[in-house]
Every structure is written in structure tokens, then in C-alpha cells.
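Model the placement of chain Z on the given structure of chain F, informed by the hints.
In the order they appear, the protein sequences are chains F and Z. FYI, this note's numbering numbers position 187 of the first sequence as 533, with every residue one higher than the one before it. FYI, this note's numbering numbers position 162 of the second sequence as 159, with every residue one higher than the one before it.
One thing to keep in mind: the hints can contain errors.
[To be verified] With a straight-line cut-off of 25 Å between C-alpha atoms, the simulated PhoX-like cross-links for lysine-lysine are:
#	chain 1	residue 1	chain 2	residue 2
1	F	K379	Z	K194
2	Z	K152	Z	K37
3	Z	K155	F	K494
4	F	K356	F	K620
5	Z	K194	F	K378
6	F	K480	F	K516
7	F	K494	Z	K151
8	F	K626	F	K597
9	F	K626	F	K600
10	F	K480	F	K356
11	F	K494	Z	K152
12	Z	K84	Z	K4
13	F	K429	F	K380
14	F	K516	F	K454
15	F	K380	Z	K194
16	F	K429	F	K457
17	F	K494	Z	K84
18	F	K551	F	K480
19	Z	K194	Z	K206
20	Z	K200	Z	K84
Hints in this document: simulated from the structure, not taken from any laboratory.
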Amino acid sequence: METRLASANKELFISADRPTTLIGERINPTGKKKLAAALQSGVYDEIVRREAREQVAAGAHMLDVNVGAGGVDEVALLPEVVKTVMDEVDVPLCIDSGNPYAIEAALKVYKGKPLINSVRGEGHSLQTVLPLVKEYGAAVIVLPLDQKGIPNNAEDRMQIADRIVEQCVKTGIPLEDIVIDCLALSVGVDSNAGLVTLETIKRVKENYGVNITLGASNISFSLPGREAVNDAFLSMAIAAGVTCPVVNAAKARKCAQATDLLLGRDKFALRYIKYYRQNKELF
Amino acid sequence: MINGLIKAIANLEEETTLRLVREKVESGETPLEIVEQCRKGVEIVGKRYSEEIYYLSDLIMSEEIFRGVMEILEPYFPKNTAQKEFKLIMGTIEGDIHDLGKNIVINLLRSVGFEVLDLGVDVQPGDFVECVRETGASVIGISVLLTFSINSVKKVIKLLGEAGLRDKVTVVIGGYPINERIREYTGADYYETDAVKAVELFKRIIMEKEGS
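Looking at chain F on its own, in the form it has when it is part of the complex (with noise of 0.2 Å):
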């Protein structure tokens, strides 16, 4: 299955046949107070240009855009945002945001088609975003989860999504416009945690086929050496279905490239060590 996404000039095929597609995680304020100010304060230009542009420069496909700081406006903030970083790089964003409002207003102002993040299991929600969706052509991130939280088990979570994925269909949304985000929760919490998502994975993949997503960097929350954890559950996911992950490229995509080679996704090694060669300090 192959997920067309889009950014004004360029566009971007994510399907398990090709190297994973990392999707840029910095322009979100959770946990980074720079931002949160700065996007409190309106004054976030320079911020966000340098974050997008570093991003993308580190290998990221794609850039996740949230703006949900305490006390913004999202629905004014959002598409301002989405703007600026439109007009820094030229990649395809995924849009963020728990407010559909401040996706319909970033979705207005948006060249190309992006990817809405996130669409859950539950009234409201499926309501309010898949209409969105589908009026304006994007693709949606699914979140297998509902009022009652993640579940702990991947039975659950395949129930949710299963039903999540038929109201998209009734809705008219294609299953290629479809990725669904397989919760990594932290091993910190719960050291099954990993070995649900890995489970869950693998049945999204079996069930749908479709492409794939996971807050990557979650699964090592609250750990001493979280870059360990992240690297070895990251090739587990990707070898497990995972086709776009949502990481901090300049950490993960050393490891993205190395996966991806083993799972001979990468002729002769060619993109490997030209990355290599251009990085050599990373190694």
C-alpha cells in the first residue's frame, strides 16, 4: 500500500517497500519550553524556521506541526505556523493538533496534501476530523485508542482501529490515505510495553497493510540512556511494519539507514554509505 503525500513542489510516496520516511518531530512545544514561549509569545519566526530547516538538513522526510501550547490560540496559531514552515521548507507536514478547528484553519491555508494528526476512536473525534479528511483530500493518522485510554493489549487496540477504519471507508477515505499510529508507551511504565506495540504492528500490517506511524521516542519516556532503547526498538518497529515514524531525525536516522539496509531496502548499500560519507563525524 502507498501513501501519496504532498508539499507545494514535491511529492512523497510512504510504503513499506521503500526506506522509511522519518517524520520530523521538533515543532511540537510539549516538554521543550523554548518553544512554548516562544509560541506564547507570537515572537516564534526564527525558531521555527531554524527547527524546520534542521530538521529536514538531518533527514526528515516530513515535519509534524503543533502548536499546542498552554494558552494559544490553536485555531489562529496553527495555520500561521503551518505557513512559516511551508515557507522555510519544501516537505509535506503532517498537521497536529487535538482541535478540529485548528486543523480545518491549518488545512485552509495548507499547499499540497498533507497528513492530520490524529483522528481517535471515539465519537467527537471521528465526527469531527474524517469529514475534514475527507473534504480536503489529506491522508489521516489513527489512533487505536479511545475515552477509556491506550489499552494495554493489541486485541483492543485492533478492535478500536477496526472501527475507526470502517467509519474512514463509510466516510469515503481510501485505505492508502489511512496510517495508523501503533501507541509506543513507555518500557519506563510498563516493561511490556513494547512487545504490545510490536504486536499490534504486526496485526495492523496483517489486517490492512496499510502504512504505518509511532510516536517512537515515546517508548523510552522517564529512562536514563534513552537513545539505546530508542535505536533498538525503532529497527524492531520498522522490521515489525512501521513505515513512518514520527523521531528526532538527527538521532534516528543513523539507525533508520542501517535498518533499512538489513532489510534489503537499500540496493547495494548505496544510500547507507553515501550517508556515510557525508556524515562521517556522526560515526
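Showing chain Z alone in chain F's frame:
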């Protein structure tokens, strides 16, 4: 004085802890004395966590050990103390499913001996109020991370007012985006964004309530 049991819990040694608890039960120590020692141990764990010596996993492990201790002691408690009075209600507000911060605060509160009723995530404003009415709790902690959900927090306060419960209940909001402006907007009594400070705040509130 730090005895072997306190130390075993503080060092997260599950087997040693459970063995020591069994030995103490057999030698005739009362369950309350044993629980008090365990609580001290868990308190040290909380302290080490706040000093960043321990991580969240360690905090959760200490809860797990404490649960094991309570299982051993359960049959030895007099029946009437099994009834729990929930002083504190906590939950993540409607529309939001982030629960890590809330869980950390709940773990820390329980580690210092508070009864906390956890309503989970995506809690409807009406459910907070209903729960206050049912349990007689006098403190609510509301966790909110998504700014979109802040209006639902305001609604909790409004519903408490309509139910005539506002004066009886202290409302604390917490979560990454919260600041004084948001507290004022929602009408909550206090806010806190740091888990360890939040526990101090809850302690102060409950002590004042008990004093009055």
C-alpha cells in the same frame, strides 16, 4: 531509625521485603507497625526519585512491592480499617488521555500515605462532581495536557458550583501547559506543574482541611 525492612523497600529488594514482612507477622508485630515501616521505605524511594537518583520505573516497582506487602498483611487487618475513605480524587480531563504525570503524582501521594481515587483518563466534568458527591472527597486533582481540554476543566468548577459543592472542594490543576493565567481562567484553587511540588501542595491542603 532505619531497619532492614525500610532499607529493603528503599533499595527495591522485593524478595527480601516480602520475606521480612512474613517474619515480622510471625514474630507478632502488628500490621500497622509493618505498614508504617514500609511507608517509610516507599517515602525514601519517593525522595530518591525527586533527587533524580531513581527513575519512574523504580517508583512503580516500589508500588508493586508495597502491593505485595499489603497482600500478605490483608488477613491481619481488623475488618473496619478495610473501608477506605477517599480524601483525594484524581483524573485526566475530558478529551485528554495523557496520564503519566497524573500517575506519578498518584504514586507519590500513595507513597506518603494518602488515599487517592484514580478516575483514569478522559474524565467527563460531570463524573468528577458525581464522584465528589458519592465519596465526600474534599480535594480534586485534574490533570490536563492538551490546551483544547482546558475549557472542560472550567466546566468541572462550574458544575461543582451548580451542585453547591464548590466551597467544600479544593481543586488543583496540573500538567505541562498550566500557568497562573490558566488557573485563573478555569477558576481552580491551585495549580502545579512539578510532581514533587504537587505532592507538597496536596499535603498542605489536606493538613489545613484537617486542622479546620
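Quick rundown of the hints versus the structure:
no.: 1; hint: F/K379 to Z/K194; verdict: holds, 19 Å
no.: 2; hint: Z/K152 to Z/K37; verdict: violated, 38 Å
no.: 3; hint: Z/K155 to F/K494; verdict: holds, 24 Å
no.: 4; hint: F/K356 to F/K620; verdict: holds, 22 Å
no.: 5; hint: Z/K194 to F/K378; verdict: holds, 20 Å
no.: 6; hint: F/K480 to F/K516; verdict: holds, 11 Å
no.: 7; hint: F/K494 to Z/K151; verdict: holds, 21 Å
no.: 8; hint: F/K626 to F/K597; verdict: holds, 14 Å
no.: 9; hint: F/K626 to F/K600; verdict: holds, 11 Å
no.: 10; hint: F/K480 to F/K356; verdict: holds, 21 Å
no.: 11; hint: F/K494 to Z/K152; verdict: holds, 20 Å
no.: 12; hint: Z/K84 to Z/K4; verdict: violated, 29 Å
no.: 13; hint: F/K429 to F/K380; verdict: holds, 20 Å
no.: 14; hint: F/K516 to F/K454; verdict: holds, 23 Å
no.: 15; hint: F/K380 to Z/K194; verdict: holds, 22 Å
no.: 16; hint: F/K429 to F/K457; verdict: holds, 9 Å
no.: 17; hint: F/K494 to Z/K84; verdict: holds, 24 Å
no.: 18; hint: F/K551 to F/K480; verdict: holds, 23 Å
no.: 19; hint: Z/K194 to Z/K206; verdict: holds, 18 Å
no.: 20; hint: Z/K200 to Z/K84; verdict: holds, 11 Å
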